[in-house]
Amino acid sequence: MLTIGGVHTFYGNIEALRGVDLEVREGEIVTLIGANGAGKSTLLMTICGQPRASRGTIVFEGKDITRWPTHAIIRAGIAQSPEGRRIFPRMSVHENLLMGATVSDPAHLADDLNRVYALFPILQRRSDQRGGTLSGGEQQMLAIGRALMSRPRLLLLDEPSLGLAPMVVKQIFRTIEDINREQGVTVFLVEQNAYHALKLAHRAYVLVNGSVSLSGSGRELLANAEIRAAYLEGGH
Amino acid sequence: MSTAAPIATAAPAPAKAPPPAVPPARHPLLAPLREAAVAALVALAVAVPLVGFETVQGASGLVLRTRWSWVAIAVVSVFIGRLLLALLRPVRRQPRARKDAGPAARAFRDAARWLGPIAILLALALPLLPFADRYILDVSILVLTYIMLGWGLNIVVGLAGLLDLGYVAFYAVGAYSYGLLALNFDLSFWMCLPLAGMFAATFGMLLGFPVLRLRGDYLAIVTLGFGEMIRVILINWYKLTNGPNGLSGIPRPSFFGLPFATTPAGGGETFSSFFGIAYSPLHRVIFLYYLILVLALLTNLFTLRIRKLPVGRAWEGLREDEIACRSLGINPTNTKLTAFAIGAMFAGFAGSFFATRQGFVSPESFSFIESAIILAIVVLGGMGSQVGVVVAAIVLIGGPELVRQLEDFRMLAFGGLMVLIMIWRPRGLLAFRDPTIRLGPRRTAAPTGEHRG
Ligand SMILES: Nc1ncnc2c1ncn2[C@@H]1O[C@H](COP(=O)(O)OP(=O)(O)O)[C@@H](O)[C@H]1O
Ligand SMILES: [Mg+2]
Chain C
1 MLTIGGVHTF
11 YGNIEALRGV
21 DLEVREGEIV
31 TLIGANGAGK
41 STLLMTICGQ
51 PRASRGTIVF
61 EGKDITRWPT
71 HAIIRAGIAQ
81 SPEGRRIFPR
91 MSVHENLLMG
101 ATVSDPAHLA
111 DDLNRVYALF
121 PILQRRSDQR
131 GGTLSGGEQQ
141 MLAIGRALMS
151 RPRLLLLDEP
161 SLGLAPMVVK
171 QIFRTIEDIN
181 REQGVTVFLV
191 EQNAYHALKL
201 AHRAYVLVNG
211 SVSLSGSGRE
221 LLANAEIRAA
231 YLEGGH
Chain B
1 MSTAAPIATA
11 APAPAKAPPP
21 AVPPARHPLL
31 APLREAAVAA
41 LVALAVAVPL
51 VGFETVQGAS
61 GLVLRTRWSW
71 VAIAVVSVFI
81 GRLLLALLRP
91 VRRQPRARKD
101 AGPAARAFRD
111 AARWLGPIAI
121 LLALALPLLP
131 FADRYILDVS
141 ILVLTYIMLG
151 WGLNIVVGLA
161 GLLDLGYVAF
171 YAVGAYSYGL
181 LALNFDLSFW
191 MCLPLAGMFA
201 ATFGMLLGFP
211 VLRLRGDYLA
221 IVTLGFGEMI
231 RVILINWYKL
241 TNGPNGLSGI
251 PRPSFFGLPF
261 ATTPAGGGET
271 FSSFFGIAYS
281 PLHRVIFLYY
291 LILVLALLTN
301 LFTLRIRKLP
311 VGRAWEGLRE
321 DEIACRSLGI
331 NPTNTKLTAF
341 AIGAMFAGFA
351 GSFFATRQGF
361 VSPESFSFIE
371 SAIILAIVVL
381 GGMGSQVGVV
391 VAAIVLIGGP
401 ELVRQLEDFR
411 MLAFGGLMVL
421 IMIWRPRGLL
431 AFRDPTIRLG
441 PRRTAAPTGE
451 HRG
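In order, the protein sequences belong to chains C and B.
Numbered according to the numbering used here, the first sequence spans residues 1 to 236.
Numbered according to the numbering used here, the second sequence spans residues 1 to 453.
Here chain B stands alone, though its shape is the one from the complex (with noise of 0.2 angstroms):
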């Protein structure tokens, strides 16, 4: 509810200079004056909502409470931030903004093939690091979980092009298939990680199929409510998930077999005992930071792969015209669909992942704001690249753990942060693409004006 004020500050405005029919003596404070006042009544029309009313548990049932004063306070910002921004906004270069890869970008870019590899490093040489004690690891694999799912929904947004707001109904399939196999069958993590990323792309298929007809924002609020209904169906079919109590006691990974423990159940080896070194419990988070460091690895490396091949290619077309796909050949409904299942795949990995290393899982952890996050690093790293992704998911989730005592207002933070990024870049962070094939070496001189004579 607080994120409303920086929604609001986002909301389209007439960002024209007046008509040439206005005379020029009017005064140059009127224009900008205007759109903050819009935007403030906008902010207004959903503040009151959404903020002005409270309920609260009173003596007999609940009791709706207004507060108004923090309906004043959110009209109040916004009409200062966009009173500012209308201020700054001659300053700002507006070409850039337009244009697809200005000279930071592209320097970025050549950048980026020598980063790459040395990002990989650095993350593969992390646990051993002096610095790196418990906190820093706990949170990295968050990060990491994140860049997964980030590169996971990147496939189905920023390539295929197909907004959906429901990928965590994805993330949360793969983690309960994985926690019910594993406690009712008994079966070890390797064996059901491919079976959860199986059930999430089944169920990846089930959904796409009716709704990839969609367009655009029917999409949207159909995988929106698909998401939702996901959760709804965990915390009521009690039988099978426990409804809202969850599924406890997850098996936790092995090391191939090797448990990470002091002394293993039913006598045997346990990891520190095999490989003759004494018990710590850091050795189960270094190893679930590899685990999860891998699996994003894979998803990177499948995603920079298929890119390259036919479907990949289709995606992409999809993504930027789909009646010239039609007219080329391409079966939309299908190549739609494999993007969807292939997406889904890797949540349901990234859910497996979840669930082993939480040993619990319940429906709270898979709510609408999961899905927004996700689709915030895709969006905000600039839809279809995979470096922007990793960029975004160490800023909007690294970021909030710095920023802890800010407590209830992180998601002001961060929806103040967004709206920052997408004011400064609004096609996100890192948008550019590559050509994914090259005849011969790269040509330095190759214009990249987007703009045609």
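For reference, chain C alone in the conformation it holds in the complex (with noise of 0.2 angstroms):
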């Protein structure tokens, strides 16, 4: 579905990305783990097209959308809830799905909506409400739900455990897997919370340093002595 080929991305003289090669088949979720400054964020907003790759090809459902502008990639069908989800704060709830729904079809804005209430129940109880007064939860939950009103079939996750308490961890990475199962949203989820993201995982590639050191599924890279030491070491 997602195909990714020597890419190579700079921000301004800082090679961030030195040759990324890696694969999201269609139904799978992919999880990609790396530190801090590995480059996880800068791949994901490469595939959207900002900043753009300088080299290499990303290929999603045959085209090749490494030079396409990112709002023509969002109307292909892929959806992102971006590092520090970048909810609009003076909008409420509502307002901050219904923009989510731009390039959808109008036709269906009920239907999604409903959906996506359904998925996170709490978003309805608050939707007149200040994106900006949500709770880092809601918050997250409501870049996730805003990322699935265009009706992706590839949904990109930028460390959406980042800041939150394991509770509501826990909740959010078991809605991803419903999203990714009864949905069928393909998942290709970024994560430096390694532990629950690779059990979620089919497969998982390592970032370091701006390329792919290791994969496999989620189970090799959880048994994985090296990943043990570098990831999982203190946490769960």
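By construction, these hints were calculated from the structure, which means they are not laboratory data.
Don't take each hint at face value.
[Stated by the list, open to error] A partial selection of chain B residues facing chain C, derived with a Cβ cut-off under 7 angstroms:
no., residue
1, Val311
2, Arg313
3, Glu320
4, Asp321
5, Ala324
6, Ser327
7, Gly329
8, Ile330
[As the list claims (entries may be wrong)] Residues of chain B placed beyond 12 angstroms of chain C at every Cβ, according to the derived structure:
no., residue
9, Ile73
10, Leu282
11, Leu301
12, Gly384
[Said to hold, decoys possible] Per label pair, the in silico range of CB-to-CB distance:
no., chain 1, residue 1, chain 2, residue 2, range
13, C, Pro51, B, Asn334, 19 to 27 angstroms
14, C, His108, B, Met205, 27 to 35 angstroms
15, B, Leu214, C, Ser104, 24 to 32 angstroms
16, B, Leu214, C, Gly5, 31 to 39 angstroms
17, C, Ala110, B, Tyr218, 50 to 58 angstroms
18, C, Gly84, B, Glu54, 47 to 55 angstroms
By construction, the Cβ of each residue, glycine as well, lies at the ideal position given by its N, Cα and C atoms.
With the hints in hand, could you dock these two chains into one complex?
This is the structure we're talking about:
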């Protein structure tokens, strides 16, 4: 579904991605773990075309989207819950969700809203409240819900567990699984919280210094001694 | 030039209390004094070139004269102002300034729901009130023109968050389009109005297309340049615009074909004879008043409507977070372009009105200070607030009328007022934003605090 081949991305002179190769197949949950500054967020943003890859190709459902403008990539069926959530703090929850429906057909707006509210009932209760007044967990749910409003076939999630209480993290990961299983959305998940993210994943990659150093099934990586030492010690 | 002092007062100065490393035994006056000294230095730097030199017509051309006393006055007043501000700061409630909707703002917002209709009714009734003489009506027309311009610019600055310093250019395009169309093609007001709006919108697109990739400050500079460019073109394209002399003899408005006159030029009915009332020169003024009232209300209605539509929401989204908007599939360039074009269109309408009211347009009416005033109305009103624009327009346009005797010092008072408002309400007079869509009935207990744990 998504094939990334030899992608390099620069911020000025800084080379944040140094030839990334990876693949996400239809129906999977693929997890990418890596330390702070490894380039995880850069990879997700590069998939969406901001910043643009300076070398390499990104192919989505057979189309080379490497040079496409961001809005066209989103229209093609990719949605992102970005790093830091980036919800609109001064808009209500409801309006935030409507913003997510920008590229979708207004005819199924009501259906999509109901679907998101069913997934996150708390959002329905908070629908008139400003986005900025939500708790961290609620903001993350809103960011995911907003991304789902465009009916994506591929959902990119950037550290959805960041800064959340363990209970909330569990709930969010359970919902991600539901989205994947029940709604058939392919998920590409970026995490530092490696334990949960690897348990959830069909397959996983490890990003080190802007390139992939390891890959395998989620189970394999969880059992890998190196991974345990680098990403799991002290955790769960 | 006399605004130099207030601007310098507003210059950012280190507002922090002494850092913790500094022993607390220091004199409490030291920090405010240093702050005031820094502000005074900035004022000095600004005032020397702006106020310090004056060119006067001498026997052999322009002569440079200095007026250091003026510079001294500016620097001293900035020093004192900043010192007072620094000394009074601890008294002011800091968090309230940060908060989006303080209790006062919220009370006002609730009041605004019935205040709006009452204000509209008052505006409708104004010409019928006994004290409404020619002068009151003229000032009201002026204020309403600026309310309309403020609402128009609010779409660009307040909603879409694009800092446009050349808004007056579109006002000029509207006014000249109207004048040229009416003079050369003998079209009626109601024909020219939409055309002038279209011309202005087209100019908005032409400007917007290349510059909307630019961000913040750059956009501001380019629009500033564009505003001046239009004015320079109007001055120099003598064949079309009659240069600095402007266009005169622009047809005055008629009441749907009925002229406001004692006796019509070519026989036929006039407004007064048609309705069988005595001729009064006030009729035309009242008509103009209602005309601009309707145009302004249409602008407002349009904005209120479009804010609930996807494109309006996209504007607000772009203002808050462009990157998030992109990742939601919004095309920022097109979205900004529509805001720019629509804002320009309303300036074009207002320009048409200006042309028909004056019967005369010249480049002088469209200088940068006009853009600055309209922008000040939007910013002081609290970006994005429709009611705020009304309040700010009344204060900024009506206010100077009340203090006409200040003459040259009007601009100084104007600058001082802006500084005061920015100190008192840093985010504008009415800075709050209500959700434009609600699901259920209004929830009274909904928390509004901006800070989370
Ligand atoms: N906007 C930016 N400008 C310059 N450098 C950046 C920017 N964003 C990220 N970087 C750099 O790129 C590298 C990868 O960052 P990022 O993708 O955010 O890592 P991760 O998400 O894995 O923590 C880091 O070295 C970071 O400093
Ligand atoms: Mg990151």
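Hints, one by one, checked against the model:
1. Val311: 10 angstroms, violated
2. Arg313: 6 angstroms, holds
3. Glu320: Since chain C brings a Cβ to about 5 angstroms from B:Glu320, closer than 7 angstroms, the hint holds.
4. Asp321: 6 angstroms, holds
5. Ala324: Since chain C brings a Cβ to about 4 angstroms from B:Ala324, closer than 7 angstroms, the hint holds.
6. Ser327: With a closest approach of 5 angstroms, the B:Ser327 hint holds.
7. Gly329: Hint holds; B:Gly329 Cβ to chain C Cβ min 3 angstroms, cut 7 angstroms.
8. Ile330: 5 angstroms, holds
9. Ile73: 42 angstroms, holds
10. Leu282: Check passes; 46 angstroms lies beyond 12 angstroms.
11. Leu301: 20 angstroms, holds
12. Gly384: At roughly 9 angstroms from the nearest Cβ of chain C, B:Gly384 sits no farther out than 12 angstroms, so the non-interface label is violated.
13. C:Pro51 to B:Asn334: 19 to 27 angstroms: 21 angstroms, holds
14. C:His108 to B:Met205: 27 to 35 angstroms: 32 angstroms, holds
15. B:Leu214 to C:Ser104: 24 to 32 angstroms: Holds, since B:Leu214 and C:Ser104 (Cβ atoms, about 30 angstroms apart) stay within the stated range.
16. B:Leu214 to C:Gly5: 31 to 39 angstroms: 34 angstroms, holds
17. C:Ala110 to B:Tyr218: 50 to 58 angstroms: 41 angstroms, violated
18. C:Gly84 to B:Glu54: 47 to 55 angstroms: 53 angstroms, holds
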